[in-house]
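Student: Please build the complete structure, drawing on both the sequences and the hints.
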Amino acid sequence: MFTYILYGLAGGGLILSFIKDRQKTKKSLIKAWKAFENIMPQFLAVLVVIGLALAILSPETITKLLGNESGVWGLLFTSVLGAVTLIPAFVAFPLAAALLHSGAGYMQIAAFVSSLTMVGVITMPLEIKTFGKKATLLRNAFAFVFSLISALIIGVIFK
Amino acid sequence: MKKFLKRYWMFLALLAANIIIGLLLPEIGLKSIEITKKNALEMLSILPPIFILLGLLDVWVERETMIKYMGKGSGMKGILIAFLIGSAAAGPLYASFPLASVMLKKGSSIFNIFIFVGAWSATKIPMLTFEAASLGLPFMLIRLGISIVGIFIIAILMNRSLKEEDKVELYDINNKSGEVQ
Chain A
0 MFTYILYGLA GGGLILSFIK DRQKTKKSLI KAWKAFENIM PQFLAVLVVI
50 GLALAILSPE TITKLLGNES GVWGLLFTSV LGAVTLIPAF VAFPLAAALL
100 HSGAGYMQIA AFVSSLTMVG VITMPLEIKT FGKKATLLRN AFAFVFSLIS
150 ALIIGVIFK
Chain B
0 MKKFLKRYWM FLALLAANII IGLLLPEIGL KSIEITKKNA LEMLSILPPI
50 FILLGLLDVW VERETMIKYM GKGSGMKGIL IAFLIGSAAA GPLYASFPLA
100 SVMLKKGSSI FNIFIFVGAW SATKIPMLTF EAASLGLPFM LIRLGISIVG
150 IFIIAILMNR SLKEEDKVEL YDINNKSGEV Q
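Those protein sequence lines, which keep their order, are chains A and B.
For the first sequence, position 95 (counting from the first letter as 1) is numbered 94 according to numbering that gives the first Met the number 0, and the numbering increases by one without interruption.
For the second sequence, position 120 (counting from the first letter as 1) is numbered 119 according to numbering that gives the first Met the number 0, and the numbering increases by one without interruption.
Source of the hints: derived by calculation from the structure; they are not laboratory data.
Be aware that one or more of the hints could be misleading.
Claimed, not checked - Counterexamples of contact, computed for chain B against chain A with all Cβ distances above 12 Å:
#  : residue
1  : K1
2  : L22
3  : E63
4  : T64
5  : K67
6  : Y68
7  : G70
8  : G72
9  : S73
10 : G74
11 : M75
12 : K76
13 : L79
14 : L83
15 : G106
Unchecked claim - Pairs of lysine to aspartate or glutamate, EDC-like flavour, derived with a Cα cap of 20 Å:
#  : chain 1 : residue 1 : chain 2 : residue 2
16 : A       : K26       : B       : D57
17 : A       : K132      : B       : E168
18 : A       : K23       : B       : E63
19 : A       : K128      : B       : D171
20 : A       : K19       : B       : E61
21 : A       : K133      : B       : D171
22 : B       : K76       : B       : E61
23 : B       : K105      : B       : E63
24 : A       : K26       : B       : E63
25 : B       : K104      : B       : E168
26 : B       : K104      : B       : E164
27 : B       : K1        : A       : E36
28 : A       : K132      : B       : D171
29 : B       : K175      : B       : E163
30 : A       : K30       : B       : E63
31 : A       : K23       : B       : E61
To be verified - Over the 12 Å line for every Cβ pair with chain A, so calculated as not near, a few chain B residues:
#  : residue
32 : M0
33 : M65
34 : I78
35 : F82
In this text, a Cβ means the ideal position worked out from N, Cα and C, and glycines have one as well.
Tutor: Shown next as structure tokens:
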């Protein structure tokens with residue numbers, strides 16, 4: 000259902016855009032294709048990793064490591080993992096979904112997604128060039144604490 | 000061909016590893032290929048409209064004209080524009096820094112800058128649609144609601160923790176860098 004709505008939105012948007020400005024529509028399609036092709040190598044690699052991991056690890060093991068019972072350690076593990084990795088959200092969501100369906104907890108997955116998108120340890124040198132050291136460290140620290148709080152709230156709601 | 004191999008070597012290596020595992024342990028190998036196939040088909044059917052939306056947003060939301068309207072004293076309007084530019088964005092968080100630099104040069108307030116960076120990191124529309132498709136609409140909506148509150152809290156905290164001289168330095172860094180991207 001949701002997928003159909005997405006196709007409807009994209010189709011409608013394209014038609015509207017085409018009527019208003021053909022050149023811009025062409026540009027946006029090229030941009031869309033480039034962005035799509037850009038994530039493909041990582042995207043496909045992660046899909047194979049998910050397949051292998053889920054074939055080897057039993058849902059029980061995943062539940063034990065990242066499930067609701069994993070508590071604070073599971074939460075800290077996933078949020079630190081999200082903070083130090085540099086993968087596009089488009090690549091991370093299939094991974095998060097697969098883990099969730101195999102027994103990981105909502106709280107742990109939310110921590111991973113939030114810290115992945117808001118905290119960037121690896122990209123800090125780039126950030127420092129724009130914001131300076133103090134602001135960069137502060138922003139990442141606030142964002143990390145926030146992703147923990149956000150995950151805790153989600154953990155309570157989805158219990 | 001060489002370029003293709005260079006970009007996809009990781010995927011191809013993993014695929015080869017999967018086949019080798021399949022030869023040694025047929026049960027695990029077959030199961031993993033089945034899971035991969037199922038996931039790939041599911042995800043690839045969702046992605047095309049999301050990327051079309053991403054392209055449309057990127058081309059039609061004119062950032063440069065909007066940045067003019069978000070200087071100091073731009074009030075609610077400035078905050079909304081900062082949020083909108085961040086949400087309509089494409090690309091990872093670090094891609095927002097050059098744009099933030101342009102905003103600083105044009106006199107955006109520190110508060111608006113961190114609203115923009117926050118929106119870019121947590122409320123990008125194409126990303127949210129994919130999140131809803133893979134993790135469920137309730138999960139996406141609740142996380143979004145919490146994130147919007149969080150973005151404002153972080154922007155307020157940043158604005159308060161940076162002293163006047165820190166802010167002056169922040170503008171200085173970006174005025175000196177010279178390159179407009």
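Student: If a hint holds in the structure, say so; if it does not, say that too.
Tutor: So, going through the hints one by one against the coordinates:
no. : hint            : verdict
1   : K1              : 14 Å, holds
2   : L22             : 14 Å, holds
3   : E63             : 15 Å, holds
4   : T64             : 14 Å, holds
5   : K67             : 20 Å, holds
6   : Y68             : 21 Å, holds
7   : G70             : 18 Å, holds
8   : G72             : 21 Å, holds
9   : S73             : 20 Å, holds
10  : G74             : 23 Å, holds
11  : M75             : 23 Å, holds
12  : K76             : 24 Å, holds
13  : L79             : 21 Å, holds
14  : L83             : 17 Å, holds
15  : G106            : 15 Å, holds
16  : K26/A x D57/B   : 10 Å, holds
17  : K132/A x E168/B : 11 Å, holds
18  : K23/A x E63/B   : 16 Å, holds
19  : K128/A x D171/B : 11 Å, holds
20  : K19/A x E61/B   : 15 Å, holds
21  : K133/A x D171/B : 14 Å, holds
22  : K76/B x E61/B   : 16 Å, holds
23  : K105/B x E63/B  : 10 Å, holds
24  : K26/A x E63/B   : 17 Å, holds
25  : K104/B x E168/B : 12 Å, holds
26  : K104/B x E164/B : 17 Å, holds
27  : K1/B x E36/A    : 16 Å, holds
28  : K132/A x D171/B : 13 Å, holds
29  : K175/B x E163/B : 18 Å, holds
30  : K30/A x E63/B   : 18 Å, holds
31  : K23/A x E61/B   : 12 Å, holds
32  : M0              : 15 Å, holds
33  : M65             : 16 Å, holds
34  : I78             : 17 Å, holds
35  : F82             : 15 Å, holds
The structure meets every hint from the earlier list without exception.
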